[in-house]
Amino acid sequence: MAERATGDIERQIQWNRLIAIVEEQAQVLLRTAFSPIVREAGDLSAGVFDTQGRMLAQAVTGTPGHVNSMAESVKHFIAHFGLESMKPGDAYITNDPWMGTGHLNDFVITTPCFHNGRLVALFSCTSHLIDIGGIGFGPDGTDVFMEGLYIPFLKLIEEGQVNETLIAMIKANTRLPVDTIGDTYSLAACNDVGCRRLTEMMTEFRLADLDDLGAYICDRSREAVLAEVAKLPKGSWTNTMVTDGYDSPIALTATVTVSDEGIHVDYTGTSPAAARGINVPHSYTTAYTVFGLACIVGSRIPNNAGSLAPLTVSAPEGTILNAPKPAPVCSRHVIGQMLPDVVFGCLRQAIPDRVPAEGTSCLWNLNVRGRVSGGAGGNYGFSMAVTSNGGTGARPHADGLSATAYPSGVKGTPVEIAEQITPLIFWRKEYRPDSGGAGRTRGGHGQIIEIESRIGEPFELLAAYDRIVHPARGRDGGQDGAPGSVSFKSGQKLKGKGFLMVPPDERLVVMTPGGGGIGDPRTRDAAAIERDAKAGLVSEEALRTTYRVGGDADGSRHR
Amino acid sequence: MSSRSPIRLAADIGGTFTDIVLEHGDRLLTAKVLTTPRAPEMAVIDGTRVVLDDAGLAFADISVFLHGTTLATNAVIERKGARTALIATDGFRDVIEIADESRYDQYDVFIEKPKPLVPRELRFTVPERMDVEGKVRLQLDEDAVRSVARRLKDISIEAVAIAFLHSYVNPAHEIRAGEIVREECPGIAVTLSSEACPEAREYERTSTAVANAYVQPLIAGYLERLAKSFTAAGYRNEIHLMTSGGSLASLETARRFPVRLVESGPAGGAILAADIAMERGEKRILSFDMGGTTAKICLIEDGTPLKARTFEVDRASRFLKGSGLPLRIPVIEMVEIGAGGGSIARVDALKRVQVGPDSAGSEPGPASYGLGGTQPTVTDADVVLGKIDPARFAGGKIPIHADKAAAALDSDIGGPLGMSTLTAAYGVAEIVDENMANAARVHAVERGVAIAERTLIAFGGAAPLHAARLAEKLGIDRVIVPLGAGVGSAIGFLKAPAAYELVRSRYMLLDSLDAAATNALLGEMADEATGRARSAAGDRPLSTTRGAFMRYAGQGHEIHVVLPDRTIQSDDAAALRTTFEAEYRRLFERHIPNAAIEIMSWSVAVSTALPAQRRIPSATGGPAAPPSGTRLVYDAGLGAEVEALVYERDVLKAGTGIAGPAIVIEEGTSTLVSSSFELNVDGGGALVLTRKEAK
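Line by line, the protein sequences are chains A and B.
The working numbering puts the first sequence at residues 1 to 559.
The working numbering puts the second sequence at residues 1 to 695.
Honestly, the hints are just simulated from the structure, not real lab data.
Since the model is a prediction, treat every value here as computed from it, not as a measurement.
Errors might be hidden in some of the hints.
What the hints assert, rightly or not - Some, not all, of what chain B presents toward chain A, calculated at C-beta under 10 angstroms: (1) P119; (2) P198; (3) E363; (4) A394; (5) Y507; (6) R551; (7) I592.
Said to hold, decoys possible - Which chain B residues stay away from chain A? Per the calculated CB distances, all over 10 angstroms, these: (8) A99; (9) K113; (10) K283; (11) D403; (12) G418; (13) D514; (14) A520; (15) A624.
Ideal Cβ positions, reconstructed from N, Cα and C, are used throughout, including at glycine.
Model the full structure from these sequences, guided by the hints.
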């Protein structure tokens with residue numbers, strides 16, 4: 001029983017340390033970021049890669065959309081610059097949607113890390129910039145060139161010298177030069193911190209390179225995922241989900257195949273690319289698909305090249321899930337974030353007890369923009385994505401979560417912070433009763449948000465919402481979640497995608513969708529019904545008609 | 001008594017034990033009694049009588065009483081606080097439940113979110129609205145407040161939190177609403193968010209205010225009963241309370257802001273460890289406090305425990321970040337995991353031994369207490385492994401039934417896994433030690449520090465039993481077990497400064513630093529903080545530290561910059577920029593050239609000076625110690641039972657050396673010196689364990 005310090009234990013410790021290093025890298029980015037969507041909501045990613053471009057560790061941050069997409073991205077950096085040309089003090093940048101993380105608003109910065117004069121690893125990170133010029137952060141573009149400044153692979157910093165020409169170009173091409181330049185520096189800084197920690201670790205453990213450790217991490221992770229996959233029933237299952245689309249509905253069709261080699265997801269049958277900016281580059285399709293799989297299979301296995309390898313994705317070129325350049329892709333999350341639900345629809349047929357019902361899935365951000373009164377501190381007006389969410393789908397043995405992000409993990413934005421950054425005032429942000437789909441277990445509730453200009457000026461909403469026409473579906477007798485809606489307080493219904501102007505003295509009312517329910521509502525536990533009723537989250541009418549619960553004059557309820 | 005040798009009493013109520021320490025000149029008298037959850041003051045009074053009897057003193061001889069309690073923490077964790085309501089701004093009923101809209105575990109689709117302390121039906125809203133600049137956008141509807149207040153009375157609400165948007169800028173509406181509620185509901189406990197936490201971000205502020213309201217009646221009632229019992233027993237002086245930030249507050253401050261008492265025991269432990277370290281010139285410390293319910297790990301640098309401004313109470317079972325309720329208060333930063341002597345062991349579905357995080361507490365307690373507990377705990381494992389002498393536990397005041405420990409281990413662990421009692425006990429102890437080692441590693445790495453070269457300072461009833469094994473796992477070569485290790489937190493209270501710390505949000509661009517407004521604000525804050533610190537400091541001198549939380553304009557997180565100790569002038573802006581950028585580079589490697597800098601909030605900390613530091617010499621060449629017996633002990637590092645010599649701690653002399661394996665028994669705990677360590681008693685009576693191979 002005696003425990004001896006073995007090579008195996010040492011490597012486990014080093015692996016843990018590597019994960020801690022990328023967590024710290026992400027923390028630095030979070031703490032130094034300017035864009036509220038990064039600093040308040042955590043829309044970022046950070047990771048460390050070996051010199052073959054294999055991701056060894058990734059911080060668990062707000063954006064599964066960066067999983068895999070950033071992983072592939074580093075390989076492109078290596079191919080473009082070549083390892084032999086990399087120097088200490090360099091940092092490289094791109095926002096290429098197809099080589100990076102899916103739209104121009106994500107800057108990816110990669111920094112070679114040297115230890116004792118030798119290139120041992122690359123640190124990479126990405127975060128969401130709210131404005132990169134063009135028509136702004138919304139789905140109205142008809143090609144990628146309308147969507148803003150396109151930065152190819154360039155040296156942001158060369159042997160310690162910042163590329164001032166590039167900085168000037170970026171600065172001149174955004175409505176938010178202060179935030180955008182600040183975030184560019186923050187991205188570079190977090191890689192520097194990661195690199196310093198890595199060299200400290202390599203000194204402590206007397207490592208000359210990461211080859212052995214990298215192989216160990218990838219092998220162990222791959223084996224662990226395959227062991228989880230082996231526990232699943234083998235076979236193929238197909239599911240189609242229809243979403244609202246920009247101006248016509250979009251069918252997302254997936255076939256999930258579980259075999260001894262892993263899990264493959266193929267999107268044959270999916271609608272062709274759309275005319276507007278809701279198209280998804282393949283890397284982003286892969287990112288959310290694999291995330292959905294990982295939630296159900298092996299959710300405890302750290303993310304790296306090894307754990308990702310057995311999970312593969314294909315989508316025919318020209319479909320909305322593999323839209324080639326120059327397709328517009330700015331709001332690719334509206335479709336991409338649906339993919340875990342599409343995959344769940346397949347897995348549900350095989351392992352119903354481990355899979356939730358459909359939820360809101362895509363973020364319901366208030367992408368607002370407009371003038372400010374007085375100075376904007378170096379920016380041009382304001383632009384902000386106020387992150388917010390609807391309800392998640394019911395779980396087989398528990399209700400869905402209300403006003404909670406899934407699959408995205410970004411946090412909601414505090415109202416007090418949103419009002420610091422924008423000249424808007426929020427009059428309401430609270431739960432939306434009756435919005436969670438009824439069932440034996442109920443979907444999570446959405447929320448109702450009302451905002452207005454504080455300065456008597458119009459402001460713009462760059463709407464990118466789904467599940468207004470096609471709600472989250474219930475299953476096994478559970479009801480659908482309530483669809484979302486966008487309207488003016490005065491009554492006018494508004495479209496879910498594209499540019500909208502909110503006049504002064506008008507309130508914008510956004511109701512986020514609810515998640516779908518599971519099972520017949522009449523079989524719901526009486527205590528759970530009572531709890532919802534007391535909290536005012538289920539109306540008397542729903543109690544009578546949906547749950548078939550009657551109320552007596554004394555307030556007691558019965559079936 | 002003469003003022004030169006005050007007699008000071010400290011009491012720390014933990015989940016399982018209440019620890020009492022009496023400082024009488026150079027003597028420290030200690031007692032450990034079982035906590036009395038239904039009337040916690042009883043254990044304090046009983047324990048105090050024990051130490052007073054030992055010292056031949058009476059309550060009237062005590063010059064000051066310092067107190068810390070887990071009551072506030074436990075009330076939140078066990079949801080046993082007051083029936084509490086929330087009054088919020090219309091349209092914002094669900095701020096504490098919507099929280100930050102995220103999932104604390106990204107890949108787990110089955111998580112449950114923390115349950116708010118106030119259910120939706122007790123969350124009320126009223127028309128009112130301040131904007132971000134503190135201007136009234138909608139007048140407070142006083143009639144609406146009045147009608148809510150009447151409703152609160154009808155439904156027997158005991159405490160209410162009032163949390164309006166932007167009240168940290170302009171608290172007028174909260175103040176007025178509070179007045180109305182007090183008029184309508186005399187006797188109700190009212191917490192204003194602008195007092196409990198005057199900072200931006202509505203979720204954290206509301207959560208802090210709600211938690212304060214939730215524990216207030218309980219704590220106020222308890223403090224009143226405690227004060228009465230002490231008065232009745234003849235005590236005539238002040239009672240000071242230990243806070244989460246590691247300083248002492250007056251009874252009145254504690255009554256108003258009981259949320260600041262959360263985690264006061266562990267804070268006391270960290271203060272003790274810092275003191276022990278300073279006395280011995282130890283710079284880098286891992287403090288390890290293991291009691292009946294949890295283990296706490298804290299990093300100490302150059303005599304100062306790491307601090308934080310947010311604490312999460314009641315984290316979900318895996319102690320994951322984001323799974324608890326946030327409290328924005330000054331705290332000593334530590335990781336806490338469900339690993340204590342009372343932690344319950346079981347076999348999970350994958351046939352793995354799991355320990356904790358739930359604890360058998362003091363009622364029924366571990367199986368070996370013979371008080372009705374049937375599930376095996378870490379203490380039961382320690383008994384079977386020979387680390388605890390059944391006749392000597394807690395100074396012999398708690399009889400230990402080794403047979404019951406063995407029976408519980410057999411039925412819940414050994415039986416299902418087909419293991420001997422001894423192997424099952426080894427498994428339980430080893431798992432709990434591994435859990436603690438992992439938590440320490442993660443915490444150290446999160447803070448970017450190495451762990452192996454640190455000195456481990458171990459205290460709390462269960463820590464000295466587990467410290468050697470933990471050190472082996474972490475590669476640590478040096479362990480210090482201070483005198484009174486079993487009651488370490490309470491001793492820490494004796495070392496804590498009387499202090500109060502305030503943070504207030506007030507926006508200012510550094511380039512247009514308004515010196516007059518700054519000085520006025522800081523002056524106001526200093527007056528308030530000094531008043532609160534003074535009430536606990538008596539006539540001791542106070543010093544003030546002022547700081548600014550600064551960031552580049554447009555960022556979301558600030559770094560703390562210390563302000564010069566004099567009136568601020570407008571041309572201080574340049575120097576502040578330099579200080580800020582230096583600190584920025586230290587933290588983040590690379591500063592941002594030419595960016596504007598803004599100040600978000602200001603801090604004022606007023607504190608008594610720490611007592612003058614004595615310096616403890618190491619000692620060698622002490623007399624050989626006579627063992628009082630031998631015991632068979634399981635040595636996990638060797639994987640075998642070994643015969644250990646047993647020593648009485650109170651007969652060990654400075655400079656005495658003992659080679660492991662050995663056990664040193666004292667009143668509140670036992671120290672296991674494993675085979676890989678040797679022990680030396682230093683000039684301050686601390687047991688210093690040093691790795692044999694490291695010498």
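Structure-based check of all given hints:
1. P119: With Cβ-Cβ at 7 angstroms, under 10 angstroms, it holds.
2. P198: Given a least distance of 12 angstroms, the restraint on P198 of chain B is violated.
3. E363: At 28 angstroms from the nearest chain A Cβ, E363 of chain B fails the 10 angstroms test, so the hint is violated.
4. A394: Because about 30 angstroms separates A394 of chain B from the closest Cβ in chain A, which is outside the 10 angstroms limit, the hint is violated.
5. Y507: Result: holds, 8 angstroms to nearest chain A Cβ.
6. R551: OK, holds: R551 of chain B within 10 angstroms of chain A, min 9 angstroms.
7. I592: Holds, about 5 angstroms.
8. A99: The assertion about A99 of chain B is violated, with a minimum of 8 angstroms to chain A.
9. K113: K113 of chain B is in fact no farther than 10 angstroms from some Cβ atom of chain A, at 6 angstroms.
10. K283: K283 of chain B clear of chain A: closest Cβ-Cβ about 18 angstroms, beyond 10 angstroms.
11. D403: 24 angstroms, holds
12. G418: 15 angstroms, holds
13. D514: At about 17 angstroms from chain A, D514 of chain B clears the 10 angstroms cut-off, so the statement holds.
14. A520: Non-interface label stands for A520 of chain B: nearest chain A Cβ at 23 angstroms, farther than 10 angstroms.
15. A624: It holds; A624 of chain B is separated from chain A by about 31 angstroms at its closest Cβ, greater than 10 angstroms.
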